[in-house]
Amino acid sequence: MPSPAWAQRIDSIPPWSAAVRTIAIDERLAADAGLHVGDMVVLVAEPGRTSGDTVRISAIVQRRADPSEVARSEYRIRMHLGQLQDILGYGDRVDRYAIATAGGAAADSALRRINSVAFGFHAYPSREIAVETSKTFAVVSRFHRAIGMITIVASATFLLCIMLLKVDERRRDVAAMRLMGISRATVIRTVMLESSFVALLGSVFGVGLGFVVSAFVNAHYQAVYRTPLRFAIITTGTVTYSVLLSLVLGIGAGALAARRLARTPPLTLFGR
Amino acid sequence: MRFQLAALSLRRHASRTLLAVLGVAVSAAMLLDMVMLATGMRQSFASLLGRNGFTIRVSPRGTLPFDTEATIGQARDAAVAIERIAGVTAVAPVLGTTIHVLGAANPVTAFALGVDPAVQGDYQLLQGQHPTANTLVASDALLHATGASVGDTLDVAVGFDPQLRTYTGRRRVVVSGRARFTYLSADDRAAALQLASVQAMGGADRTDRVSLFMVRTAPNVDPEAARVAIERALPRVTALSTAGAVAEAEHRLSYFRQLAFILGAVSLIVGFLLVTTIVTVSVNERIGEIAIMRAIGVSRAHVVHQIVIEGIGLSLAGAASGLILGVFTAKWLNSILRGFPGLPDAIDFFLFEPNSAFRALALLVASGIAAGIYPAWRAASLPISGTLREEAVG
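In the order they appear, the protein sequences are chains A and B. Note that the numbering used here numbers the first sequence so that position 246 is 1522, with each residue one more than the last. Note that the numbering used here numbers the second sequence so that position 234 is 548, with each residue one more than the last.
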């Protein structure tokens, strides 16, 4: 039986009566069925049954930000264990126990002890279950990385192209500088400085755009899937990686184009 | 002549042209992949559900097939009620459960389907016979896990009670065939038995119950009308047509469709910007030449055509390379997404649909044409004498 502590209580009232049992429902069910705190509902094990358990809604809870629940559209009800066992005719049975330990060695020791004495069931560490249940997200993560790689190749090509053109446009300026006696090294450094400045400006703009887009993505998918889960998170690592990549590409492209220009005789650059 | 001049102009800056074609190719590949992703899931899923002509799935009210452990009671009466509905040609009951193949130190657990072999649509027989009262057909994964083959006898049980180490039902069955399960992955251990066998082994909880009905309708009947009639006849069930199931799957996977749309649009914009930039810079460099061409009597239309042809050339070369690149990257991306646990073998996320693919690439080429129009118009509108003077002096 999932613990109510997993969900955030957003609205509640004290128990109404000892005679009528209370349940908590998720906000999705409350919104779709027009239910409110204090409403009486009848719970049955399956549709069509006439007899059921009349209960009062005592709380509306928010769904957890759990990726594994994102695509699932069913409603959630939290009730007392005994109440659910009665409704289902399940007897004195549970699906599983969640066990809190002091962590570390205590968890391993508890695990060993339970598995050595328990007859008929098996204890698993939470991390093992997490690995098993997160296989779907591992696939999605691999897919994102692959898409990211393709995007990086596309943007790198684009950036390289733009930088080469940008430097190429400066052929007359470079020719003038060379004719004035400015050294090849200074010309290359100047062009590289310019290209790195352009790359940096582009990166700053890109990071800003990234924040706006991620805010939009989060707002959109939180509304679509009705979940508080954050779908796009921009981390310091992501920002650093993208800015560095952009700078390296920008400076690399600038250096490549500048070297080519600096080696060309100034008069040829002038078109003479 | 115009084509030759455009080709010469592109060849003059070979490295720049090559880089632009590469950029457009990557954009085109991305666009193609995203189109394949957007159309692939829908078609692949619809084709999977439409196999064997079953157009409607009936599950316990408020649930999707096999989404929960809920079952439909009084299954025989329900099947009769569905069969009576106009347009329904066959009703295939299915009961899903977990079976344990005993014998080894650790029992092998598998997913079992109780079916009516005469109308079932859950598996394709690869070898042997359909299941009878005391036989089953198994997937290759189950046969491999148990070390059994067709003709061997297995000790199978249902309803394991971990405390008492007992089962609600247990029987010895002969493996009568090998099968490929349509809605399961090749790695899933699965078996199909007769519905009555699974119900009997499940004990009182499973008597006259099924997980779902698959319903086949006549070709001239609207499945939606039959679906509504089923829900009206049986208020305790939810009937889902193939179109409804595809819509539900699309909702659950809408993330991928929207990602495809966004990345596809970004690819198109990047391709457009790249061609515009290249052609604009190329025109800026040749302002003097263009002014001379105009001065010696070359028409404005001729100049515009030549520049637009350059844009089309870049886009076409990029789109052609992108087509090849896109097909390969789609295979790679599809192999990643095929790693989803439990995904049926028949599902592909990226599906090459010639019409959609060529429409997308045509859109990219059209954007290439549009990209050439502005620089072409600018070049053709240059004041001839002023430009010649500036270029000569400058």
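Treat the hints as calculated values from the structure; they're not laboratory data. Heads up, some of the hints might be wrong.
[Claimed, not checked] Straight-line Cα separation of at most 20 Å, DMTMM-like style, residue types lysine to aspartate or glutamate; simulated pairs:
| no. | chain 1 | residue 1 | chain 2 | residue 2 |
| --- | --- | --- | --- | --- |
| 1 | A | 1411 | B | 397 |
| 2 | B | 645 | B | 659 |
| 3 | A | 1411 | B | 659 |
| 4 | A | 1411 | B | 599 |
| 5 | A | 1442 | B | 383 |
| 6 | A | 1442 | A | 1408 |
| 7 | B | 645 | B | 667 |
| 8 | A | 1411 | B | 381 |
We went through each hint and held it up to the structure:
no.	hint	in the structure
1	A:1411 <-> B:397	violated (41 Å)
2	B:645 <-> B:659	holds (15 Å)
3	A:1411 <-> B:659	holds (17 Å)
4	A:1411 <-> B:599	violated (55 Å)
5	A:1442 <-> B:383	violated (64 Å)
6	A:1442 <-> A:1408	violated (51 Å)
7	B:645 <-> B:667	holds (14 Å)
8	A:1411 <-> B:381	holds (18 Å)
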